[in-house]
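Each step along the sequence shown adds one to the number in the working numbering, with nothing skipped, and position 575 is 711.
Among the hints, a few may not be true.
Pairs of lysine to aspartate or glutamate residues, derived as DMTMM-like cross-links and limited to a Cα-Cα distance of at most 20 Å, are as follows [said to hold, decoys possible]:
(1) 544 - 398
(2) 323 - 341
(3) 180 - 398
(4) 310 - 398
(5) 356 - 302
(6) 544 - 743
(7) 707 - 740
(8) 363 - 341
(9) 345 - 302
(10) 356 - 316
(11) 635 - 583
(12) 569 - 553
(13) 296 - 201
(14) 680 - 752
Here are the computed distance ranges between Cβ atoms for each label pair [to be verified]:
(15) 681 - 316: 43 to 49 Å
(16) 200 - 343: 44 to 50 Å
(17) 264 - 318: 53 to 59 Å
(18) 694 - 537: 53 to 59 Å
(19) 756 - 671: 34 to 40 Å
Keep in mind that the hints were calculated from the coordinates and are not lab data. Idealized CB from N, CA, C, for every residue including glycine.
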Amino acid sequence: MATNEEIVNSRIIGYIEPLGNNARVTVIGYKNPDGEYVVLEASKAKRVFFPDGKVFAGKFQFEREDNPIKPYSFIEFSVITSPKSADFDGDEYILNYHDNSKKCIQKSFIQIESLKYQTSLESGFLTQDEIFTCINKNELNDISGYFFFKYGNYLYGLFKYEANTETVRPATGKESKAYEIDDETYKSKCFKINQKEYYLGSTKEIPFKQIGLIDCMDDKQLGDWFKGVLKSMIDSEAILSISKETLQNFSTHYKETNDEIDEIRLERIKGKIDSLKFTYNEIKELLISDSPLTKTLKETVLEMKSEYRAEWAKDLENDKKTIEKELEKLVTNKKKLNDEYTSLESKFKAKEEALSKSISEYEEKNNILKNNHDSMIEEMKIMLSINHSGTSNEIIPIEPISFVAEGKCYTELDENEGYSYSSLLQKNVELEKIPDSVKEQFNQESELFKYQACFIPNIAWAYLYAKAIRNSKLYVIHVEHDWLHFNDFINNGLKQALKDCYEEETINHIIVFDSINLTQPECGLKPLLDNIAGYSFIIPNINKSLPNNLKIFATILPFDGQNKIGLPLSKKSFNKWGQISNPTDLVCLNKNFMNCENTKGYFEPKDLTTETNALDNQDNHGYFAE
137 MATNEEIVNS RIIGYIEPLG NNARVTVIGY KNPDGEYVVL EASKAKRVFF PDGKVFAGKF
197 QFEREDNPIK PYSFIEFSVI TSPKSADFDG DEYILNYHDN SKKCIQKSFI QIESLKYQTS
257 LESGFLTQDE IFTCINKNEL NDISGYFFFK YGNYLYGLFK YEANTETVRP ATGKESKAYE
317 IDDETYKSKC FKINQKEYYL GSTKEIPFKQ IGLIDCMDDK QLGDWFKGVL KSMIDSEAIL
377 SISKETLQNF STHYKETNDE IDEIRLERIK GKIDSLKFTY NEIKELLISD SPLTKTLKET
437 VLEMKSEYRA EWAKDLENDK KTIEKELEKL VTNKKKLNDE YTSLESKFKA KEEALSKSIS
497 EYEEKNNILK NNHDSMIEEM KIMLSINHSG TSNEIIPIEP ISFVAEGKCY TELDENEGYS
557 YSSLLQKNVE LEKIPDSVKE QFNQESELFK YQACFIPNIA WAYLYAKAIR NSKLYVIHVE
617 HDWLHFNDFI NNGLKQALKD CYEEETINHI IVFDSINLTQ PECGLKPLLD NIAGYSFIIP
677 NINKSLPNNL KIFATILPFD GQNKIGLPLS KKSFNKWGQI SNPTDLVCLN KNFMNCENTK
737 GYFEPKDLTT ETNALDNQDN HGYFAE
């Protein structure tokens, strides 16, 4: 669509808005000779439909019997070149009223709704509750009712909102599709107007690459589907007992199917088996059909009845004989009972002695663990394999403490206002309110800024650091004694903090492992320690390297003397960690600490350069066992 003739002979797509007694149409796209809708970028629309990418519609009358078009709607129309005598001569083209074969008609296009979160989608399904938190029912009802969901670089759909029942369903079937967006195709088929996005292409052949399916069954539909699967199953033994455990075992067995959507639904049904109810007629239907399943089921039930009867009779007979023997013994052989009592007493004493020996052995091992650091690690690994077969996958949310970026960034202050690195830090942290031992640390050459990971006396030091640099988020992870796996740290704040680091690259992130020696970090935290030491490059479960906008601090509990609580740490496991002051150099914060007055500036991550994997050449300041 380049020449005036091509423009006049094309069907134009636009968004019409009232303009006094007239109207004006913002051009969105056009229909090509093949009948396909093509989006026209705003810059190109302005060149073709000079000067603003709009078409003038003089004396346009909305919502008449012969013209039912509503204001602020999409229309399809043709144009003619604007004559010099037009009432409004600012636009190159005006709407064509004269050609009835090219009548202006109202159009509906597929709306694209933003998905606010991606929770169940990660498991391959969307619930009705999640859908209704993301849509505007009134808007959808005003247009076609059809819409896509958009999340990141993905589209999900097509969906249909039905106003009469106030429900949302897939356009076809009970599942929807997931598409990966590429920028070129998206620009040619989708447009944005008034902060809303729309799809302009065909719904029969979606131009985006399909990457999967999304289940959209509600709970009732899911239950009915699963009952149908049970009816068609060949392995009858799996449904002899309609119980939670049996159904879960069946779900795992039946997952051998190659059907993607069936796998998603079977995973969903595992969490809803408690609420799944079978009526008498449904169970009866399973038993009265003529299928091979029914025959096998009945035969199995009969066999089990016979086995149960024989087993019960045998048990009853054994019980009867036992009772008779016991009665005979009670009546006729009191001495034998006394002998048996003596024998039992002897066995009890033997077990008591064995138990005392076991306690002594345990105490001996415990003393060895207290006196031998390496033996402690090995013993904990053994206990882990025996007593801690798995860790919880529950992710505990953690709320960071934020110090917002106010004023100017350090580079601007340094260039224009003469602020040095140290002076800005000292200004922000309000050094006159803290001890001298802390003041000397707030300079560029201090270990506090030199190392990416440092031991600090207590959490207050981390608060001071975060306040000094501003533009920061502080995550405090309180370590528990039973954190023996990496997932224990991941699920209790570490994963969330790292994820925020990657997503917010211009913000400083600080993690504090409070009381890190309450457990043995060489076990559960080893993957992170290896990254800090430079032994490894990728963090497990995160699959990324250690971010540059991250600072790591750790505090310890006393590990020797009468008041020892924590476990001793080995310096060789933390040879790339710095040490600030000593563990007894504690700082207290006043109640007005979070007030940040007279803020002059802040630091960006690029300003806080650290020596990655710098070797700690300091002596032991009391953080490690000698």
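Cross-check of the supplied hints:
1. 544 - 398: violated, 55 Å
2. 323 - 341: Holds, at roughly 17 Å.
3. 180 - 398: Status violated; Cα separation ~46 Å.
4. 310 - 398: Between residue 310 and residue 398 the Cα gap is close to 12 Å, so the pair holds against 20 Å.
5. 356 - 302: holds, 17 Å
6. 544 - 743: holds, 13 Å
7. 707 - 740: violated, 31 Å
8. 363 - 341: Violated - the C-alpha atoms of residue 341 and residue 363 are around 34 Å apart, more than 20 Å.
9. 345 - 302: violated, 30 Å
10. 356 - 316: Given pair residue 356, residue 316 is violated - Cα atoms ~30 Å apart, limit 20 Å.
11. 635 - 583: violated, 26 Å
12. 569 - 553: violated, 25 Å
13. 296 - 201: violated, 29 Å
14. 680 - 752: violated, 25 Å
15. 681 - 316: 43 to 49 Å: The hint (43 to 49 Å, Cβ to Cβ) is violated, given that residue 681 and residue 316 are roughly 25 Å apart.
16. 200 - 343: 44 to 50 Å: violated, 37 Å
17. 264 - 318: 53 to 59 Å: violated, 30 Å
18. 694 - 537: 53 to 59 Å: violated, 26 Å
19. 756 - 671: 34 to 40 Å: Distance hint for residue 756, residue 671 is violated at roughly 22 Å.
Violation of the numbered hints given earlier is confined to hints 1, 3, 7, 8, 9, 10, 11, 12, 13, 14, 15, 16, 17, 18, 19; the remaining hints are satisfied by the structure.
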